[in-house]
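114 is the number that numbering that gives the first Met the number 0 gives to position 115 of the sequence shown; each next residue is one higher, with no gaps.
Careful: at least some of the hints might be erroneous.
DMTMM-like, lysine to aspartate or glutamate: derived pairs with alpha carbons at most 25 Å apart [what the hints assert, rightly or not]: (1) K170 to D213; (2) K209 to D227; (3) K170 to E136; (4) K181 to D108; (5) K243 to D108; (6) K282 to E136; (7) K209 to D108; (8) K199 to E149; (9) K199 to D108.
For the record, the hints were derived by calculation from the structure and aren't laboratory data.
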Amino acid sequence: MSSFKCAFCGTPLTVPDSTAKNVICPNCMASLPAPSLPLSSDGPLVDVPNAAAAQKGFPFLLLLIASPLAIMFLGVVIPTVLTKEWGAMTLSLLLGGPLALLVLFRMRDRWTLFRALWVLMLAGIWFAACYSVGFEEQSIQRRFTGVQKEFAGFVPPPARAVVTARPIKLKLFPLILHSRGKTRVESDAPSLPSYSEEIKLYRDLPETLKAATDADVRSVVVVNWGWDKNTHDGTCEVSVVERKTRTILAATTLRHVNMSSMAQSTSVPRVQPTASDVLNYLKTLTVEAESTNQVGSGTD
């Protein structure tokens with residue numbers, strides 16, 4: 000009777016008799032070819048090349064596939080906790096937790112310095128990226144909650160009602176009435192930037208326009224993404240509102256024309272203006288306001 004270790008989980012196994020061709024591991028249920036030569040409990044599986052190759056390659060494949068997935072799902076937990084999205088957090092834990100346990104269980108006694116560094120490197124990069132996304136949103140919420148509360152329930156008049164733009168007062172901060180590509184209507188709208196396109200709008204504002212703190216905000220940019228019911232074009236109403244008096248200083252409706260005659264069909268992708276389009280409009284207003292400081296010009 001010879002003995003050897005399971006190539007997958009390391010469990011000691013014995014061959015019941017010399018006629019046995021395969022041995023089933025009771026721990027991982029793997030079917031292994033029975034060795035033809037007696038082996039010590041710690042010896043390599045010299046006479047079973049296929050199992051030996053599997054023992055060597057399996058940990059690498061596990062690290063290559065399961066580890067990044069586990070790290071990805073568990074990393075998403077960070078921004079979901081920071082933004083209090085408990086449903087997404089629960090889903091991330093349910094997906095990432097079992098994968099992480101699988102890696103730890105199947106890799107026991109097989110860790111090397113290279114494999115450990117590989118996992119730590121992936122985890123570090125992904126967790127840093129997830130934290131930065133969640134941290135940026137949290138930072139905006141912490142600094143500008145006062146502005147959002149002041150404008151809760153405020154809905155500006157249609158942009159077409161604003162004929163002439165006035166000089167805008169710096170500095171600016173955006174609030175979102177309806178998000179781009181979303182159908183949500185929040186009870187506390189306009190809301191603070193939360194989705195990536197909205198955060199990009201605030202992040203990419205030039206320093207000469209962007210408010211860094213609540214006290215810096217003198218004009219609020221209310222952004223309302225939507226659709227034209229008649230033409231099915233993507234729209235974005237942008238209203239620059241003076242914070243103190245709620246006066247509409249400038250307003251416009253940006254459009255993205257959907258050329259396809261099938262744009263009204265739900266099966267055809269439709270596009271709305273982007274944060275870059277909003278930024279370009281705001282930059283134009285600022286230049287016009289500065290160049291016509293006494294008069295103020297610029298139209299929708």
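query = Are the Cα positions of K170 and D213 separated by 25 Å at most?
reply = Since the Cα atoms of K170 and D213 sit roughly 10 Å apart, the hinted pair holds (cutoff 25 Å).
inquiry  = K282 and E136 were given as a pair; does the straight-line alpha-carbon distance stay at or below 25 Å?
reply    = Cα-Cα ~23 Å, so holds.
inquiry  = Need the status of pair K209, D108: alpha-carbon distance at most 25 Å?
reply    = violated (54 Å)
ask   = Does the structure keep K170 and E136 at a Cα separation of 25 Å or less?
value = holds (20 Å)
query = Within a Cα-Cα threshold of 25 Å, do K199 and E149 meet the stated pairing?
reply = holds (23 Å)
task = Decide if the proposed pair is consistent with the structure: K181 and D108, CA atoms, cutoff 25 Å inclusive.
result = violated (48 Å)
K199 paired with D108 [C-alpha distance capped at 25 Å] = violated (46 Å)
request  = Take a quick look at whether K209 and D227 sit within 25 Å of each other, Cα to Cα.
outcome  = violated (30 Å)
message = K243 and D108 were given as a pair; does the straight-line alpha-carbon distance stay at or below 25 Å?
response = Roughly 66 Å between the alpha carbons, so the hint for K243 and D108 is violated.
Against the hints set out earlier in the document, violations occur for numbers 2, 4, 5, 7 and 9.
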